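Build the full structure now, drawing on both the sequences and the hints.
Number of protein chains: 2
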Amino acid sequence: MSKERNQTSVSELGEFGLIDRLTKDVEIKNESTIEGIGDDAAVLDYKDKQVVVSTDLLTEGIHFNLMYVPLKHLGYKAVVVNISDIYAMNAIPKQITVSIAVSGKFSVEALEDLYAGINLACEKYNVDLVGGDTTSSLTGLVISITAIGEGQKETIVKRAGAKPTDLLCVTGDLGGAYMGLQLLERENEVFKVNPKMQPKLAGYDYILERQLKPEARQDVPAILKKLGIVPTSMIDISDGLSSEIMHLCKNSGVGCSLFEDKVPMDNQTKQMAEEFSINPIVAALNGGEDYELLFTISLDDYEKIKNDPDFTIIGHMTEASEGINLVTNAGSAIPLEAQGWNHDK
Amino acid sequence: MSKERNQTSVSELGEFGLIDRLTKDVEIKNESTIEGIGDDAAVLDYKDKQVVVSTDLLTEGIHFNLMYVPLKHLGYKAVVVNISDIYAMNAIPKQITVSIAVSGKFSVEALEDLYAGINLACEKYNVDLVGGDTTSSLTGLVISITAIGEGQKETIVKRAGAKPTDLLCVTGDLGGAYMGLQLLERENEVFKVNPKMQPKLAGYDYILERQLKPEARQDVPAILKKLGIVPTSMIDISDGLSSEIMHLCKNSGVGCSLFEDKVPMDNQTKQMAEEFSINPIVAALNGGEDYELLFTISLDDYEKIKNDPDFTIIGHMTEASEGINLVTNAGSAIPLEAQGWNHDK
Chain A
0 MSKERNQTSV SELGEFGLID RLTKDVEIKN ESTIEGIGDD AAVLDYKDKQ
50 VVVSTDLLTE GIHFNLMYVP LKHLGYKAVV VNISDIYAMN AIPKQITVSI
100 AVSGKFSVEA LEDLYAGINL ACEKYNVDLV GGDTTSSLTG LVISITAIGE
150 GQKETIVKRA GAKPTDLLCV TGDLGGAYMG LQLLERENEV FKVNPKMQPK
200 LAGYDYILER QLKPEARQDV PAILKKLGIV PTSMIDISDG LSSEIMHLCK
250 NSGVGCSLFE DKVPMDNQTK QMAEEFSINP IVAALNGGED YELLFTISLD
300 DYEKIKNDPD FTIIGHMTEA SEGINLVTNA GSAIPLEAQG WNHDK
Chain B
0 MSKERNQTSV SELGEFGLID RLTKDVEIKN ESTIEGIGDD AAVLDYKDKQ
50 VVVSTDLLTE GIHFNLMYVP LKHLGYKAVV VNISDIYAMN AIPKQITVSI
100 AVSGKFSVEA LEDLYAGINL ACEKYNVDLV GGDTTSSLTG LVISITAIGE
150 GQKETIVKRA GAKPTDLLCV TGDLGGAYMG LQLLERENEV FKVNPKMQPK
200 LAGYDYILER QLKPEARQDV PAILKKLGIV PTSMIDISDG LSSEIMHLCK
250 NSGVGCSLFE DKVPMDNQTK QMAEEFSINP IVAALNGGED YELLFTISLD
300 DYEKIKNDPD FTIIGHMTEA SEGINLVTNA GSAIPLEAQG WNHDK
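From first to last, the protein sequence lines are chains A and B. Residue numbers for the first sequence follow numbering that gives the first Met the number 0, so the first one is 0 and each next one is one higher. Residue numbers for the second sequence follow numbering that gives the first Met the number 0, so the first one is 0 and each next one is one higher.
Please keep in mind that the hints were generated in silico from the structure rather than gathered at the bench. All of these numbers come straight from a predicted model, not from anything done at the bench. Don't take every hint at face value.
Since copy identity is lost for identical chains, a pair holds within one copy or between any two.
[Claimed, not checked] Keeping only pairs whose Cα atoms sit at most 27 angstroms apart, straight-line, the calculated DSSO-like set for lysine-lysine is:
id	residue 1	residue 2
1	Lys28	Lys249
2	Lys305	Lys199
3	Lys261	Lys305
4	Lys195	Lys71
5	Lys104	Lys23
6	Lys269	Lys48
7	Lys23	Lys249
8	Lys46	Lys224
9	Lys152	Lys48
10	Lys152	Lys123
11	Lys303	Lys224
12	Lys162	Lys28
Structure (C-alpha cells):
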C-alpha cells in the first residue's frame, strides 16, 4: 500500500464504481470467451473441447500475511495457484472469475495493486478475467478464484490412472517456496522486534521468488504433447510432494517407491535448509507451494522422457500392498505415512 | 447449531477428512458432468451448448447474520442466489463449486447443516456439486459459490438488448424478502435486550420464507420457451427493482417508464411495510433479495404474454433521453435516480 499515492476509500466509489475501476483494463484474449464481465454471468463457448473447472479460496492471516506479501504479488500468486490445477489436468486455462471481500482498511489504490497482479498473471498465462464479485468483509481480505480451462477428452489426465511399474516424474525443483517462507517469517519476526533492522534477504532471490511470485507450469502440456506422452496420472504440488504422492496412490490404487537422492532441489533451498537445521528432503516432502507438476508415465514412455531436461524421474509406482515408501540415501525404505509426512502442515 | 448432537472440531478430521464427510452424499445427476469432486479440477462436457458462469461471495456479518439465519437455510440460499444469475441469462444451471472458509467456532456438525442446505438446493434445482475448497478463516464464515450452466447461443439473454417501446416484465412479487429481513432484525434486537422474549413472527410466513429460503425462477426459461418468447434483455432482482432497471437501461442504452401501480406486491409485504411506516414501493424498489426475474420483450410479443399469470407487465422502455422514471399512482413521473433509488443500500 503505497504511501505516496492518494488513498480513496471503497465507499466513495461504491461496489459498481469499484468494479468498473478495477476491471477497466481487462481485454478478452480467447476465442472461447463470448461475454466477459458486466452481465449476470459470463458466456463461454468450448465447442468440441471439454471444460475443466477448479476453485480456491484464500483468506488473510491463513494463506497470506500482508506484512511481507505485497498486494500485487498476492494477486499474481492467487491466479497462478488456481491455473496450476488446470495444467495438472493436462488442460489449458482460458478464463478466471475473481471474487474479493475487503474490510474498510483497504483503499481503492490497494485493491488496484491487487488487480495489477491479477491482470499481470492473466497476461502472462493468456487467461481472460470474465467475472466475479466485489463485496465487504468485517475483517481482512478474502480472495476466491475459479479457473476454467479446456482439454481434449483423450488427453485430460486425472489423479487416478497410475499403474504399478509406472515412472514417477516431477518438473522443476522442490522445497524452494517453503524455505523462502521460512526466511520471510524469520525476517518478519526480527522486524517486529526492531523495525529499524533491514531484512537480510540478499542472495536468496530464487527461493523468495518461489514463495512470493510462483509460476505455474504453462509449458508442460505442450512439452508432453510434443514428446507424445499422455501421463497416466497427474497432480500439482501445492501441499508438498509427500501429500501429492499419497493422493496419486490413493486415487490410483497403487503404492510408490520414491528415491530421496532423485528429488530435485536448488542449491539455495539446500543452503537455507542448512541455516534452519532442516533436512532439505523435509522441505521438499512437506513444504508445499512449489506448483510443480507430479505425474506418472508408462514404463514404455521412458525413452521419450529420459533426456528431457524439464523432467526428473524420482521413483516408480508399485503394487498397493508394498506401500508408499521413501528410499533414503542410506538405502532404507521408510513408509512416508509413518514418518508423519502427511498433508496436515 | 444443535445442542443435542456431539460437536466434532474441524481439526479432528483435517481438511481432506472434512471434505470427504461433507460431500459423501453427493450424486452426479447431469450428463454434462464428466468428473466431479476429487481431482485437481472438475471435467464438464457441454458439447454444442454455450457455457454460462456466475460467482458470488458471501461473508458473515455482511451478507448473513447467524443469530437468526440457520446454517441449513444459509447453504440453501447461497446456492439459490448463484443459480438465479444463470436463469437470468435464460440458461439452465448444471454445476456448482462451493468454497468455504471457517473459523474455529464452527463444528463439523454445523458445517454438515450448511452442506445439508447446499445439497437440498442441488437436489431441487438438479445441479451437481463438482468441486470447491475448504479452508480456515481467522473470523467467521465465508462462502464462495460459482455456478455453471448451459444455454443455446440463440436464446441466451443479456442485460443489453432492450429497445424503446419494449415492455418491462417481472415474475412473482417484490419487496417481500426485504420486509422479512426488517422483521427478523426487529425481533433479533428485542431478543438481544430480553432473551426470554419469544419472537413475534406468526402470520408472516411468506415474507420470512422470502428472506430465509428464497427460490430461484427455475420455471421461467421453460415458460418463455413454451410461449415462444426470447426476452430482449434480462436480469435477476438481487439488489432491488430500481437498481436492476438501471442496469438494463445502462447496458441497453435506453430509458424506462415504470408504473408504481403495476408493481406486484404480496399483502404480507404491504402489511409489514405499514407496521414499519415504509411506503411498500420503497421495499420493492430498494429492498433486494427477491430473486425474481426482470426482463424486456418486444411489443410484438405482447399477445403471447398478456394472459400468462407468471408475469406482470410493469412498464415500458423509452428513448434514453427520456430518462428512467417512476410514474406514481398520482400520475407524476419521478426520475428514479433523483429519488436516491440507487444500489447503495
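Here's how the hints hold up against the structure:
no., hint, result
1, Lys28 <-> Lys249, "between (38 angstroms within a copy, 25 angstroms between copies)"
2, Lys305 <-> Lys199, "neither (39 angstroms within a copy, 74 angstroms between copies)"
3, Lys261 <-> Lys305, "within (13 angstroms within a copy, 74 angstroms between copies)"
4, Lys195 <-> Lys71, "within (24 angstroms within a copy, 51 angstroms between copies)"
5, Lys104 <-> Lys23, "within (23 angstroms within a copy, 39 angstroms between copies)"
6, Lys269 <-> Lys48, "neither (42 angstroms within a copy, 51 angstroms between copies)"
7, Lys23 <-> Lys249, "between (45 angstroms within a copy, 17 angstroms between copies)"
8, Lys46 <-> Lys224, "both (21 angstroms within a copy, 23 angstroms between copies)"
9, Lys152 <-> Lys48, "both (7 angstroms within a copy, 16 angstroms between copies)"
10, Lys152 <-> Lys123, "within (26 angstroms within a copy, 30 angstroms between copies)"
11, Lys303 <-> Lys224, "within (11 angstroms within a copy, 54 angstroms between copies)"
12, Lys162 <-> Lys28, "neither (39 angstroms within a copy, 30 angstroms between copies)"
Going down the numbered hints, you'll see the structure goes against 2, 6 and 12, while the others check out.
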